[in-house]
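A.B. asks: Residues per chain, in single letters:
2 protein chains.
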Amino acid sequence: MKVHNFSAGPSILPQEVLQQASDAVKNFDGLNLSLIEISHRSKNFVAVMDEAIALVKKLLKLPEGYSVMFLQGGASLQFTMVAQNLLKAQNGKAAYLNTGTWASKALKEAKLFGEILEIASSKDKNFNFIPKGYNIPEDVDYFHCTSNNTIFGTQMHDFSNTKAPLVCDMSSDIFCRDMDYSKFDLIYAGAQKNMGPAGTTLVIVRDEILGKSGREIPTMLNYETHIKKESMFNTPPVFAVYVSMLTLRWIDQNGGLPAIEKKNRAKADLIYGEIDSNPMFIGTAEKEDRSLMNVTFLLKDDALKDEFDAMWKAANINGLNGHRDVGGYRASIYNAMPIESVQVLVDVMKAFTKKFG
Amino acid sequence: MKVHNFSAGPSILPQEVLQQASDAVKNFDGLNLSLIEISHRSKNFVAVMDEAIALVKKLLKLPEGYSVMFLQGGASLQFTMVAQNLLKAQNGKAAYLNTGTWASKALKEAKLFGEILEIASSKDKNFNFIPKGYNIPEDVDYFHCTSNNTIFGTQMHDFSNTKAPLVCDMSSDIFCRDMDYSKFDLIYAGAQKNMGPAGTTLVIVRDEILGKSGREIPTMLNYETHIKKESMFNTPPVFAVYVSMLTLRWIDQNGGLPAIEKKNRAKADLIYGEIDSNPMFIGTAEKEDRSLMNVTFLLKDDALKDEFDAMWKAANINGLNGHRDVGGYRASIYNAMPIESVQVLVDVMKAFTKKFG
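Taken in order, these protein sequences are the chains called G and C. Going by the numbering used here, the letters in the first sequence line up with residues 1 to 357, in that order. Going by the numbering used here, the letters in the second sequence line up with residues 1 to 357, in that order.
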């Protein structure tokens, strides 16, 4: 029986990707060997890595001058790598926008390596909006933001034009929409939402911003190490890279980011439309900052929680509980989520209101 | 047709583990969801992590006071993590034994954080033996060694009794033999030889050696972060941990390390016996330091290389080429390699000598 998987991450992946991944664990490329028991330097796996890197550049329409890496350690390791690679050893300074839990963690890690300015924060309203109208000092080494806040259901829809390099954590909304990615100087994203399984982290960097910190960086934490070795300085996380490549191929074969964005907007319109028109529910994020990926909402009458929970569970919906910092519900509707599953949830909300409203 | 997989790593895994891993990518634990699209905080995956940690402790017979972590970044990231966690901020000093490429890299990374003594090296003989009879200064923060040298086919069969904490990189021979693991204070190992797919790194540490460096360590590089959160500080590499758990279960169900060691010795005796008795081949490592895992050997007459290569390839043998630093051949006979495959190689060597000797 089909499960409607609204998990916040690790999260839903395309069914055909899961099938191909499962097959490759038994027999990869007709080698009569598993994907996970061959050398990462075999021509078969090198082709996977090359295709994954090429697909990232193609889908994001990156101009010349960018490098793409598949690393390990999640966005959490990027918090320190960004700071160590970009903050100048002498009087290093960076500006951070604080839009939630992960942005706060990024900021905290950077503080070990320089002066960090929190130029704006939405913490006083439990991060239910994206601050705007802030000024980014011209003399910072970079400006850091988080494009989507999984826990709080907010997403940046505009990005500042800064003179400083623009660094963005896109872990929970990478590949969700078509936009000009060349305005970013560094993008990083844990794979486990829109790209693949947990275990690899995509890093995209404009080469010219590197090598300027004057800092001695441990080899594995230095982006230049991985760029030079095309993400094969040491053994890469073969399975996670392979499944990410399959997912990127799936996006490409389904019309690329313009088509993905159109589908994502249709899904978001459907569920936000229900939240706004149904008297039993209320959204938690400011409307203009709502996320295309994570839809957070509350029951107006918490006394009916058990009844609502029983209804969505009976509909085979999974992963709908909200994060403890917000409570209520969170419907994560990542790229691989079909609109049919969103409709199932909307139908449950309607039926709930008919019965208890 | 069955391939005899002698790859140095990522390398052969048990067939039944590959089958179970493939199944879980489609449907994990009967959830009708893939292993790679569920929350790492679900009770199903938490049970996997708990079992993996418990199996490591059981198989290595670790006493109380040790913590087990499943991290990311490979042994290469451990090179800097070991140094940052254990080298004192003030006048930190450590002793390293240099037995090969990976030991040299570990030593180089540590130098960023303190005074590193190379107390012995086999570099002058292209690392074809394990140095012995060296003295470890009593005032070092730790002593670091590499138990098995994949490239050079050597393995440590004795470990020094030091007053300083004993740190060992066991990436290529973890779980290959039964011994007293409680003499080690810190063990680390990339998964991709005896434990699982590339993408996770096992770290075992005696808790009492931590927290003494007086150093500010980035959160993700601090062992205490991961111990406190039971390897779930951030999203773990779910698939790699799951397959490692399956492999640990396989070792346990097949008699644990005593039985594994017995099989490994039988395989090693078979192939080394052929190398020593066959006039066409010669081993590269000193006999007393030979590895149970990586058997390195040369053709005495390199002019016959094409003929030998054609014969083993015709026998469906894969991954036998030696590393460029040694040349010749390397038969990696990790835990999951059946003796039948070793016999196929030995038969090819015999047939080759009969034809060309």
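Derived from the structure by calculation, the hints contain no laboratory data. Incorrect hints may have been included.
Because identical chains share one entry, a pair is satisfied inside a single copy or across any pair of copies.
With a cut-off of at most 16 Å between alpha-carbon atoms, the simulated EDC-like pairs for lysine to aspartate or glutamate come out as follows [claimed, not checked]:
hint	residue 1	residue 2
1	Lys305	Glu288
2	Lys228	Glu307
3	Lys228	Asp269
4	Lys305	Glu286
5	Lys61	Glu51
6	Lys61	Asp158
7	Lys2	Asp29
8	Lys108	Glu216
9	Lys88	Asp158
10	Lys58	Asp29
A.B. asks: For each hint, tell me whether it holds in the structure or not.
C.D. replies: Outcome of the hint check:
no., hint, result
1, Lys305 x Glu288, "neither (27 Å within a copy, 69 Å between copies)"
2, Lys228 x Glu307, "neither (56 Å within a copy, 36 Å between copies)"
3, Lys228 x Asp269, "neither (43 Å within a copy, 41 Å between copies)"
4, Lys305 x Glu286, "neither (23 Å within a copy, 70 Å between copies)"
5, Lys61 x Glu51, "within (15 Å within a copy, 44 Å between copies)"
6, Lys61 x Asp158, "neither (18 Å within a copy, 56 Å between copies)"
7, Lys2 x Asp29, "between (29 Å within a copy, 15 Å between copies)"
8, Lys108 x Glu216, "between (21 Å within a copy, 13 Å between copies)"
9, Lys88 x Asp158, "neither (27 Å within a copy, 46 Å between copies)"
10, Lys58 x Asp29, "neither (24 Å within a copy, 37 Å between copies)"
Of the numbered hints listed earlier, those contradicted by the structure are 1, 2, 3, 4, 6, 9, 10.
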